[in-house]
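Colleague: Take a look at the letters that make up each chain.
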Amino acid sequence: MTLVVVAVVVWIAAWAFNSWLSNGPLANARWTGLVVPVVFGLTVLAVWELVVRGLAVPAVILPPPSAILATFGTSLPILWEDFAQTFLKGALAGYIVGCGAAFLTAIVVDRYDFLRQGLLPVGNFMAALPIVGTAPILVMWFGFDWQSKAAVVVVMVFFPMLVNTVSGLRDTTTMQRDLMRTYGASYLQTLIKLRLPAAMPFIFNGLKIATTLALIGAIVAEFFGSPTRGMGFRISTSVGQLALDMVWAEIVVAALAGSLFYGTVALIEKGVTFWHPSQRK
Amino acid sequence: MNRFLPVLTVVAAILAVWYVACIPMNVQEVLTNAERAGAVVEPEGAANRRDLNRIGLVFSNTEHLGASWSTERARLPSPHQIAAELWASTWQEEVYGRRGIVNSGSFSNRSLIYHGGVTLGATFVGFLIGSALGVLLAVGIVHSRTMDRSVMPWAIVSQTVPIVALAPMIIVVLYSIGINGLLPKAIISAYLSFFPVVVGMVKGLRSPDAMQLDLLHTYHASKSQTFWKLRLPSSVPYLFTSLKIGIAASLVGAIVGELPVQRGGLGARMLGGSYYGQTEQIWAALFVAAGLAATMVWLIGWIEARTLRRMGVQP
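So the protein lines, in turn, are chains Z and W.
The first sequence: position 87 = 87 (this note's numbering), numbered continuously.
The second sequence: position 80 = 1080 (this note's numbering), numbered continuously.
Please note that a few of the clues may not be correct.
No farther apart than 25 Å at their CA atoms in a straight line, the calculated lysine to any residue pairs in the SDA-like style are these [unchecked claim]:
{"#": "1", "chain 1": "Z", "residue 1": "Lys-270", "chain 2": "W", "residue 2": "Ile-1156"}
{"#": "2", "chain 1": "W", "residue 1": "Lys-1244", "chain 2": "Z", "residue 2": "Gln-117"}
{"#": "3", "chain 1": "W", "residue 1": "Lys-1244", "chain 2": "Z", "residue 2": "Leu-120"}
{"#": "4", "chain 1": "W", "residue 1": "Lys-1244", "chain 2": "Z", "residue 2": "Asp-171"}
{"#": "5", "chain 1": "W", "residue 1": "Lys-1203", "chain 2": "Z", "residue 2": "Met-200"}
{"#": "6", "chain 1": "W", "residue 1": "Lys-1244", "chain 2": "Z", "residue 2": "Val-155"}
{"#": "7", "chain 1": "Z", "residue 1": "Lys-208", "chain 2": "W", "residue 2": "Ala-1294"}
{"#": "8", "chain 1": "Z", "residue 1": "Lys-208", "chain 2": "W", "residue 2": "Pro-1237"}
These are calculated hints, taken from the structure and not from any lab test.
Bound conformation, chain W alone (with noise of 0.2 Å):
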């Protein structure tokens, strides 16, 4: 309990600060409502409002703001308003909907369901394909200096490159050569995925001390046996810190992926809304990513935990 109360604190505060930031938000709309339907706002007309500061305008119209927190394609919806959102785009959508998954037999290209799961699909995709590649390449760079010596520094220097602005010219050259749907993306998800897994698993493998290394010599272990009974296992922790990174940045790439092409997923939903101003569609699909990642790097911890129990490591 000691530790949830001052999160659960913070959370409140935050959703109070929201309800509150939704008023000067929205108000030079929800003015707009009110004028449509008859009620006397103070300075008239939509125009002269336009450029006044929002929170004299909500001082000087304070008996209109009631529909500040219910506005549709408002400015900031409120967060009852995105949980309705999140609401009838999964469930509702799915069970009730003409093209749900109880009345057609697929998920509806609708629903957040849809488009979270295809871009779940392009990430984990990715984030395979990139981690066993930068845990590949981690192995080579231990074993052979020159590679060592060629590789690392630029695989360090690329960790400074903003790597995503690749994002729309791999879509579309791998488009033009006939590869789409899930793929492009996936490599883009690998690409963010493969340089936190190199550096982190480098230096992992490089954890054990020179005085566990010269045991293994005084044993006349081989390499690939100190490799799999020393560097392997003391290489585990980093591995996994740098996974929940990875998988972070796999959830991202996959996201800026999918904004050139309008083929489903959350970055298309986002993209989508902001054309249309649809506002709830947008953080809708923001909080499903959250969700996301959120449960994808936990799942990690958790795996990371059990794997370390399992290997004896004292937390």
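The following block holds chain Z by itself, in its conformation from the complex (with noise of 0.2 Å):
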């Protein structure tokens, strides 16, 4: 009982030294801005691990996160392998293959009126769909095996990405694309010097969304069957073994493979669009 009393003391304290850091003298220093989250996570961990413990909570319904802590690192070879399977294999390939292909696709149906007004409320339609469920059927599909996972991740992304890569080459104005005639500029050289630079936000909103996308897409697909190896594989067998610890680690290798996914996908829009307004400094 007294960790439970101690874990209450640790949440006011940190959250008063939380509010006299974003209230008090130093609230607008830079370091700020990046402390307080990070006490505030370090918070909920050690709350976490001390009512576990305090209450004595069995470790098949909530595992401290020293347990995890511990799991993670005895288990990296299992936890590097399903990485590579379900991530590097199945979501990275589909979401290349995916993307470009939507990207691609884009183009042609901008080019066409007629085609923008019929495959962009389908695709706008496709978009809000629970596209998981295409899941069963691609596995039955293509296999078990890192393929099936990469068609499943095709398949959510498409529609994400075609949609908004589409609205992003429409974003341009009357003015700039007068500009381009009066140069003399052919269809090609529009594009390329004008409209792709300018849909670029929109493409990497896209990008965006879709890296969240993948590996949900990959992850799911899994359950749906794989080898025997995976992370939603692991996670669905060791639900089935009551091992919690393993699960909760393979949610930190998603956790930790997703936010970097976006991260690298925000570095590289940074680099690309540092013209528009939202980057400016």
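Take each chain as given, in its own frame, and dock them per the hints.
Modeller: Spelled out as structure tokens, the structure:
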């Protein structure tokens, strides 16, 4: 019971500290914006650990963070194998193929007005659908290995990417297009020098949405059948064995992979669209 | 008419591609059945054909392909087969089936109406919980600098994490402490719709510009007056945009939540179909899920349009 009291005290103390940091004399220092969320995250972990130990919550319901960290440390080879299977093969391959195909389709769609008017409502409709539901069908078609996971990812990322790219390609003003016309620019020159650069913020928005979808697709597709490795496979079998520390370790990997993937795309975006108002300091 | 013609053309083109794709996709099963019925197929024996190119098989056996659109358990069922399955597992099952609502007084557990209802219930409860908590947290974040700085970065980071991966664990853990039925699925739904609503609402509640806030300041408006009269009304468009994302995410959460526990619902129906090779069943469940998602997003859009019009927003 004392540990629970300690947890409450830790929570109140950390909250007071954060409150002082964000409202006190240091509120405008540059590092406060970084320290406050870190302190909050560490507090949550500490309270979790203390409450789980204090109330003696069984490990099959909620393992303490220390146990998760220990499992993470001891099963690095398994975690890496799963990561390679699910992320490097399934998610990344599907992401590249899906986004690439959507990009090329968007350029064709944008060229023909009829196609745009027809395909865009359909694309918008498809982007809102629970496309993970195609996973059992695609697993049946492409087998249990990573190819079927990549196929699910392709289907999942295609429509959000298509819709974003098409609306990006239309994001030029009449003035800008007229200027290109007075230069006598061809369709291709207008596309490469004006419209693609102008579309970049939208394209990267689509790419960023697709990073999360890619991981979700690859993991959920493994629930429908996979070889004996992969993050989704490990999660569903470890849940069956009530080895929840392993499940949490996989979730940590998924969280790290997702954040790093998103961060990488955001970093590239920063370099490519440095001219956009949202990127200016 | 001008708006519908391109859409209809695209839909017709998709259907045409689908029907054509049925031929190479189903060629193995079709040829096996034809051979069993006594036809001479080139090359002979299903085992010899297994690793051959499907397109090549189509061209070397053009006379036996009539059954491509009517094979049972096809790899790719044709659209009319799926439509027939949809009809059979909704109207036919309920009206004429032994367990249907007409004969037994309750929805048949083999009909998609029952399974769709199970999923819809979980989606709806989860969506209500998730979006209500999301709005509350957003209000807290906007009014407390501490909360803003501690929680908001995590709310943003959490959007990049594949939260669905947690679904099987949440189901099993809640089941082991005695909670089962609708609630575990609703919790996953709530979890998925929570963060989009938080992020959208924070954006919305902060959307009044400095001039408007200053005006209320000169009126000597209190914090709660500012909230009710300025911040909340100007957040409504953002709220509806994130509600649309949230309800689609909720449906995905409910479907994924039904995978580990085979107790009804569209997710269970899909997994069952994939275990037993009942492709038509998977496709029918998928179409019902798509219909549900489209209807719910449309419903929110309709409420949005009406609300915004009542609030005097110019379209």
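Colleague: Are the hints correct? Go through all of them and say.
Modeller: Going through the hints against the structure:
Taken as a hint, the Z:Lys-270 and W:Ile-1156 pair is honoured in the structure, with Cα atoms around 18 Å apart against an allowance of 25 Å. Distance hint between W:Lys-1244 and Z:Gln-117 is fulfilled; the C-alpha atoms sit about 22 Å from each other, no more than 25 Å. Distance hint between W:Lys-1244 and Z:Leu-120 is fulfilled; the C-alpha atoms sit about 18 Å from each other, no more than 25 Å. For the given pair, W:Lys-1244 sits about 24 Å from Z:Asp-171 by alpha-carbon distance, which is consistent with the 25 Å threshold.
Simply put, W:Lys-1203 and Z:Met-200 have alpha-carbon atoms about 23 Å apart, close enough for the 25 Å limit, and the pair holds. Straight-line distance between C-alpha atoms of W:Lys-1244 and Z:Val-155 comes to about 21 Å, which keeps the hinted pair within the 25 Å bound. Between Z:Lys-208 and W:Ala-1294 the CA atoms are separated by roughly 24 Å; this keeps the pair inside 25 Å, and the hint holds. Restraint check for Z:Lys-208 and W:Pro-1237: satisfied, since their Cα atoms lie roughly 23 Å apart, inside the 25 Å limit.
Violated hints: none; the structure is consistent with every hint.
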